[in-house]
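Colleague: Next come the chains, spelled out residue by residue.
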Amino acid sequence: MNREVLYQDLLPAGCHWSFRIGRGQVLRLIDEQGGANVGMLLYNADQLLDRINIPDTLKCQHSFRLTAGHCIYTDMGRVLCSIIEDTAGWHDGMCGTCDAALVEQRWGRKTYQQARNEMYRNGRDGFLIELAKHGLGRRDIVANLNLFSKVVADADGNITLAPPAPAGSHIDLRFEMDTLVVLHTCPHPLDQSSEWPARPVRYQVFDAAPLGDSDICRDHCDENRRGFLNNLHYHHGACRHHGGGH
Amino acid sequence: MIRESSLVAEQASHREVVPAGDYWIHVLQAGQTLRILDLEGNQAADTLFYSAADPAERYSAMDTIRHQGNLYLTAGARLMSSEGREMLEITADTCGRHDTLGGACATESNTVRYALEKKCMHACRDSYLLALMKHPEFGMDKRDLTHNINFFMNVPVTAQGGLSFADGISAPGKYVEMQAKMDVIVLISNCPQLNNPCNAYNPTPIEVLIWD
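Chains as they are written, first to last, in our numbering: chain A, 1 to 246; chain B, 1 to 212.
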C-alpha cells in the first residue's frame, strides 16, 4: 500500500471537526495516548440524505462489535467505508454521544469564561456545530460510531465500557464513496472516569491500494459483496465524472 | 420483566387493528397510555416517536440504552429523546424483552442482507415514508427516519459481540404498554419482513389501544 501521507493533523481532546474525504482514500485515526474516544457521523458527500446507518451495519454483518473486515453502511444499502486495519479490536456504535447535561453531571462545568479553550465541550453540541456548517441539523443526527471504545453486554443486556486499547492503537477506514466526515474527541457517554477523560486523536489521509482479487472487507461475507455491488451500481449512475477510485 | 396491566380493553378511548404491512401514525397526548397488542404472536411492531411540539426532538435508541445501562427494553424502561428528556415509560409488558438495536427493514438493506431480487419486497421504511408523505401536516420526510424500537422482536447480543435475529419470544395476546410523558407522534410500521424470523415468516395484524 502506498503509505505516503497526503494530509495529517491532530484533533485536540474534547474538540470537533468535519471534512470531506474522497472515494479510494484511507483515513487513519491514531489514539496516541490511549483512552481516546472518537464520535463519528458519516454522510454521502453528494447526497446528504444517504447517511450512516448503524442498525443496518450491525444486522447485515451479524455483529455488535465493529472491527477489521467490517463495512459501515448507509441507509441506502451502500458501503460508506471499510475497516481495513484495526489494532484496537472493538469499536462501539450503539451508545450515542455525551451531551451537556451528562458532561456537567459527571465532570462538572468548565466554561469558556473560566477556562478559555480548556473548557469542557460535549459530543452532541460538537455534532450540531459541525452539521450546521453543511446545512444539516438535529434531524440529521443518527446513531454514531464511538471509535476506540469497546462496549460489552452481558447475557441480560447490561452494558459496560471496557478498559481502553493500548496507546498507539489505530484504525484505518477506506472510503468507498465521497464522504462528509463529522467527528469529535469528547468522552464516551459510558466513561465513568473521575477526571475529564478526553484525549486527542491524530488523523492521516493516504491513498488506498486498488481493490484486489480478495479483500478483507468486501469478502468478509456475502452481505458485503452485495453491498459493494450496490456501490458499483451507484457509482455507474451518479459519479461518472469522478473516475478513478477503485 | 413481566408486568401485567390493570387497564380494561373495553374502556379504551381508541382501538384500531393495524393489518400486517400497514402503518399507523397518531398523536398520543401526555398522560395517555398506548398498548400494542400482538394478536397472533411473533409480530414485530417497528415504532418511532417524535415530540409533537418539535419533531426534531425524537426517540433516541442510544440515549435510552445509555440511560438504563441495558440493551433491551421492558417494563420500567424510560424511552428517552435526542434531547435527553423522557418521552414515554413502559408501564406494562407481558412479552419481557423488546429490541432497539436492529432498526427497521428497508428495500435497500434487504438487497444487502438477502439478495438483489428482494428489492421490491414490502419493507418497514417504505411504510414509514408513505405515512410521512400522506401526512404532510407533520412536516417530516426521510430525514426524520431514525433508529426505532422493534416491539416483540428479539435481537440478542453475545459477550463476544455477536448479534442475531432470533426467534421471537412473543405469543398471541402478548402486549406492551407505555404512558406518554409529553405529546408524541407515534409512527408504527407493522413489519412485512418475510426473510427472517422476526415475524415467524408470517406477518400478522396488531391492535393498538389508547386510554386517556
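What the hints contain is simulated information worked out from the structure, not anything from laboratory work.
All values derive from a computational prediction rather than experimental measurement.
Ideal placement from N, C-alpha and C gives every residue a C-beta, glycine not left out.
Please note: incorrect hints may appear among the correct ones.
To be verified - Far from chain B by the CB rule (all over 12 Å, computed), these chain A residues: (1) Gly-34; (2) Leu-58; (3) Trp-107; (4) Arg-138; (5) Arg-139; (6) Ser-214.
Claimed, not checked - DEER-style ranges, computed between Cβ atoms: (7) B/Thr-204 / A/Ala-167: 23 to 31 Å; (8) B/His-135 / A/Leu-211: 25 to 33 Å; (9) A/Pro-200 / B/Pro-205: 36 to 44 Å.
Colleague: Work down the list of hints and note, for each, if the structure agrees.
Modeller: Going down the list of hints, with the structure as the test:
At roughly 21 Å, the least C-beta separation between A/Gly-34 and chain B is larger than 12 Å, which holds for a residue marked as non-interface. Listed as outside the interface, A/Leu-58 is inconsistent with that label: its C-beta sits roughly 5 Å from the nearest C-beta of chain B, within the 12 Å cut-off. Distance check for A/Trp-107 against chain B: the nearest CB is about 16 Å away, which clears 12 Å, and the non-interface claim stands. For A/Arg-138, the condition that its CB be more than 12 Å from all CB atoms of chain B is violated, with the nearest at approximately 4 Å.
The claim that A/Arg-139 is not at the interface with chain B is violated, since a C-beta of that chain comes within 12 Å of its own (minimum 5 Å). The Cβ of A/Ser-214 lies farther than 12 Å from every Cβ of chain B, with a closest approach of about 20 Å, so its non-interface assignment holds. For B/Thr-204 paired with A/Ala-167, a C-beta distance near 54 Å fails the hint of 23 to 31 Å. Look at B/His-135 against A/Leu-211: about 44 Å separates their beta carbons, and that is not inside 25 to 33 Å.
At roughly 54 Å, the beta carbons of A/Pro-200 and B/Pro-205 sit outside the given window of 36 to 44 Å.
Taken one by one, the earlier hints fail for this structure at numbers 2, 4, 5, 7, 8, 9, listed in ascending order.
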